[in-house]
Structures are given as structure tokens and as C-alpha cells.
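Protein chains: 2
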Amino acid sequence: MLSKNQSKLLRALAQKKYRKQHQQYLVQGEKNILELLDAGLKVVHLFATTEFLSAHSAKLAGVTCTETDSDSLSKVSTLVSNNAAIAIVPFPESAEVDTSGIVLALDGVSDPGNLGTIIRLADWYGLNQVVVSEDCADHLNPKVISATMGSFVRIDVVRCDLPEFLASYSGDIYGAYLDGENVHGTAFCARGVLVMGSESHGIREPVGQYINTPITIPAFGVAESLNVAMATGIILDNMKRQN
Amino acid sequence: MLSKNQSKLLRALAQKKYRKQHQQYLVQGEKNILELLDAGLKVVHLFATTEFLSAHSAKLAGVTCTETDSDSLSKVSTLVSNNAAIAIVPFPESAEVDTSGIVLALDGVSDPGNLGTIIRLADWYGLNQVVVSEDCADHLNPKVISATMGSFVRIDVVRCDLPEFLASYSGDIYGAYLDGENVHGTAFCARGVLVMGSESHGIREPVGQYINTPITIPAFGVAESLNVAMATGIILDNMKRQN
Chain A
1 MLSKNQSKLL RALAQKKYRK QHQQYLVQGE KNILELLDAG LKVVHLFATT
51 EFLSAHSAKL AGVTCTETDS DSLSKVSTLV SNNAAIAIVP FPESAEVDTS
101 GIVLALDGVS DPGNLGTIIR LADWYGLNQV VVSEDCADHL NPKVISATMG
151 SFVRIDVVRC DLPEFLASYS GDIYGAYLDG ENVHGTAFCA RGVLVMGSES
201 HGIREPVGQY INTPITIPAF GVAESLNVAM ATGIILDNMK RQN
Chain B
1 MLSKNQSKLL RALAQKKYRK QHQQYLVQGE KNILELLDAG LKVVHLFATT
51 EFLSAHSAKL AGVTCTETDS DSLSKVSTLV SNNAAIAIVP FPESAEVDTS
101 GIVLALDGVS DPGNLGTIIR LADWYGLNQV VVSEDCADHL NPKVISATMG
151 SFVRIDVVRC DLPEFLASYS GDIYGAYLDG ENVHGTAFCA RGVLVMGSES
201 HGIREPVGQY INTPITIPAF GVAESLNVAM ATGIILDNMK RQN
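Same order as they appear, the protein sequences are chains A and B.
Be aware that the first sequence starts at 1, since it is given in UniProt numbering, and climbs by one per residue.
Be aware that the second sequence starts at 1, since it is given in UniProt numbering, and climbs by one per residue.
Since the hints were made in silico from the structure, they are not lab data.
Cβ atoms here follow ideal geometry from the backbone N, Cα and C, with glycine treated the same way.
Among the clues, some could well be false.
[Stated by the list, open to error] Simulated pairs of lysine-lysine, BS3-like, Cα-Cα distance not exceeding 27 Å: (1) B:K4 <-> A:K143; (2) A:K16 <-> A:K143; (3) A:K143 <-> B:K31; (4) B:K143 <-> B:K31; (5) A:K143 <-> B:K75; (6) B:K8 <-> A:K240; (7) A:K42 <-> A:K59; (8) A:K8 <-> A:K75; (9) B:K16 <-> B:K143; (10) B:K20 <-> B:K8; (11) B:K75 <-> B:K31; (12) A:K31 <-> B:K143; (13) B:K143 <-> A:K75; (14) B:K75 <-> A:K75; (15) A:K4 <-> A:K17.
[Stated by the list, open to error] Residues on chain A that point at chain B, a partial pick, calculated with CB under 10 Å: (16) F220; (17) S225; (18) I234.
Could you build all of it, start to finish, from the sequences and the hints given here?
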């Protein structure tokens, strides 16, 4: 059973302020927790149903577990569909930007679902990191973790002063605009930065000044724009098909 | 002001049963309603704030409008962010499948957000239709309309018995699988059907038997899958770059 203090902590960790204070975050739902266990990442405490614990006992050696009914899990969960398991996990160690290959950098992407989807995409296209500006959504937000579909265990999110990073980078810096070079014709380097802006503000000027190759997904119809996660997926596909 | 009956009707139209009964659906939010007005589609009744009505008066000639405060609009709206305007719109006329170019067909895509995003993609890539199996999400669901970002005014959704349609189709039928031909190397015809299955069930056998070219987006990393809307976008980009 969940104690009062445990319920309180689980509820608190849905908020950024308390995640920062405890240096811990939540991983929820069967798929994400199995990825966490398979990756061998440290788990502070796992709360799960009898069914979950018995189905996955082989993966739980050394993990502090508390058996909990699904109603109690639903009550402390921030996600509608989660009632099998919740884990408390320590903050990941901070990473440096790896500039050896393609660097995916996000400028002001504040929607958690989009950030999570982009982390999943990075994992599909073989990147190890996503670089985010200070004001992007918190990547340890439960909605982000959920949308990554497990990819959060493999992708480091590096939060930094994006203009400062770009100023120090030497190499091609591609940026997604509505009037850049057609990505179907762009000769992409195997090493370079791809900058994506938010759907509402695009790439902002402090970042935009460093873009040396503005690129665009060609439209064949009338829709004005694509969602930032969708655009990121299509551009990464265009970059990786060449490299 | 909204009358009691108007509130009741607006709330009812959030449900499929009442949309069918009234042969009407809802369009909500500034962007979608402006697209509706610009497209010259018939509007039965528009409920909007003073600000919306005065800002867009030029587009409202001949439209039955009721001035409403934003609180009342929020109360009858099914969308969190909508408080500027709601329109009641008659059902679109039913369309036949146009087999002259690329036909995008969805098998069991039940998530409204995914369906809406795919309608927006179809509009970006210059298709005029999306063909959906009987059990796909209702395309007049408010969440679908919202996710289309206005593209619902240009894209016909044709609901049909998908196996029956495919049985009658002559030409290439591409289907997205996890182990098909690499889309980066596929020579796509300018005419053909692209079938996408749902994230949870993939393409089901009654439909799968008609696929003559199974295709796959190559993974460069570890993520197991992509969301169906994302995969649709990346595959359409691969098809349209050639045609």
C-alpha cells in the first residue's frame, strides 16, 4: 500500500519545483518502466500492481518495490492511462554536447508532447542527444517521458544557452524555416546542427543569426505548416538517407 | 448570449450519436473557423465573442451569428483552449475515392489526434482525400477537426469497407510494416495506395492480403516504432519527392 508520505511525494514529483528539490523524477506506465529496467538505470522506488510485479519479477532484483493496487496508482498518476506502475528515478547525470555527428537542437519548444515525440525520433534516427534551449519544456516532465515511449533511457537531453553553443560551433548549421532551401535537394553533411523552432515562434533571432543553411520541407498542397515534431521527423529522414 | 437550447445542442454535438442525428458537427477555435469562412463552406450558426465578430466582420456576411462571452464559450467547448468562437456546420457531402493519384488509406486508426494530424499532412502533401476504414476515429470528432489546423476544409474523408475497396483497386498497394522494403530505395509510382495501420495493431490481415509492396522507414537507432501520423508524414515525403 502507498503511505501518505509516498502519495505526497509521487504527487509532488509531477511538478518541476519538487523534481528539482528532490533531484528525482517519475517514470509511469508499463512500456516506459520496462525500458527503464532493461536499461539498468537506477530506480529509487517502484510502486506497482501485484500483476506487474509477478509478470516482471526477473527484472526486479535489487529494486525497492511496493505492491500497490491500481486504483491508488491511478490516483497519484498524472497520466490518464497509467495504472500498472510508477517509478521514482534519480536525475540523470548532465551530459556535454557531442558534436561529432548530427546535433539536433530545439529553440523554445515548450510543448511536452512535442519534446517527447522528438526524443523518440532522435532514438529512431540514431542520435544520442537532443540539445534544448533553456526555455524548452522540462524533459523530465511526466508528459515528456510518456511521449518518448521508452526512448528517454537512451537519449541525453542537454539544456544549454543555445546562441552561445551555436556561436562556438564550427560546421554547418541548418535551420527549419518556411522559405529555405528544399530539403529534397539539400546535400547534407554527416556532421552538422539541425535547429528546429517552436510552432508558434519559429527560430528566434538570437539563434537564427547562426543558421547558415535555412531549409524547408516542400509543400505540395495548401496546409500552412507542419507540427514541429512532424517537421523534425521528415527533416531527419532527409538527412539520414544521405549519411 | 447562449440560450439553454443552444448550449444543449453545442454540448450534444460533441458526441457522435447527436452529430449523426442532427447531421451537423462543430468547428471550434479561431484558426479553424477562419479556414471555414475563407473556404466559403456553409455555417448553420456561429457563436463568437464581440472581439472575434468585430475583427472578422468582413467574412461574416450571410452567416447567422450570436454574440457570446468567452466564459460561456469555454463552458460548452470540448477543447481546453477554445474561447473565441464555435460554429455549427452541416455534414459535408459524401465523396467517392479518387484513384487518379496517391490514395492514402488508414486501417483502424482510432486516435482522433492522429487522424487530425494525418488530414493536415494530406493537405501539406497535396492529396485531396484520406480514405478510412469503418472503425477509424470519427473524422467529425472535435479533436480531429482541431488537430487538422484548418485542413479539414480541403480534405475529403471517405469512409469505406477498406478490404472491398482494395480488392477493386488495380495498381500498386504499399503498406507500412516494420520489415518491408526500405522507403529510401523504393521506386514509388505516381499512382498507388498507401495503407497505414494503427500503432497498436498494424495493418490487419483482411487489409494486409492486398498489400503488394510492404515498405518500412529505416531505423538508424533503437526506438521500436514511430507514431502512425509521424510514419505517414515520412512515407508521404518519400513518395512525393519522386513524383
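Outcome of the hint check:
Only pairs whose Cα atoms come within 27 Å are accepted, and K4 of chain B paired with K143 of chain A is rejected, the gap being roughly 37 Å. The straight-line distance between the Cα atoms of K16 of chain A and K143 of chain A is roughly 12 Å, inside the 27 Å bound, and the hint therefore holds. With a CA separation close to 25 Å, the supplied pair K143 of chain A and K31 of chain B stays within the 27 Å bound. For the hint linking K143 of chain B to K31 of chain B, the alpha-carbon distance of about 14 Å falls within 27 Å, and the restraint holds.
For a cut-off of 27 Å, the pair hint linking K143 of chain A to K75 of chain B stands: about 25 Å separates their Cα positions. Between K8 of chain B and K240 of chain A, the direct Cα distance comes to roughly 52 Å. Violation of the 27 Å bound is thereby established for this hinted pair. Between K42 of chain A and K59 of chain A the alpha-carbon distance is near 12 Å, which keeps this suggested pair within the 27 Å criterion. About 11 Å separates the Cα atoms of K8 of chain A and K75 of chain A, which keeps this hinted pair within 27 Å; it holds.
Between K16 of chain B and K143 of chain B, the direct Cα distance comes to roughly 12 Å. Compliance with the 27 Å bound is thereby established for this hinted pair. Between the alpha carbons of K20 of chain B and K8 of chain B the distance comes to roughly 16 Å, so the proposed pair stays at or under 27 Å and holds. Taking the CA atoms of K75 of chain B and K31 of chain B, the gap is about 19 Å. The hint holds against a cut of 27 Å. For the proposed pair K31 of chain A and K143 of chain B, the alpha carbon gap of about 25 Å is at most 27 Å, so the pair holds.
With a CA separation close to 25 Å, the supplied pair K143 of chain B and K75 of chain A stays within the 27 Å bound. Under the criterion of a C-alpha separation no larger than 27 Å, the hint pairing K75 of chain B with K75 of chain A is consistent with the structure, at around 25 Å. In summary, the hint linking K4 of chain A to K17 of chain A is supported, as the alpha carbons are separated by about 20 Å, within the 27 Å threshold. Look at F220 of chain A: its Cβ gets to within about 3 Å of chain B, closer than 10 Å, so that hint holds up.
Taken as an interface hint, S225 of chain A checks out: its beta carbon lies about 7 Å from the nearest beta carbon of chain B, inside 10 Å. Interface restraint check for I234 of chain A: the shortest CB-CB distance to chain B comes to about 5 Å, inside 10 Å, so the restraint holds.
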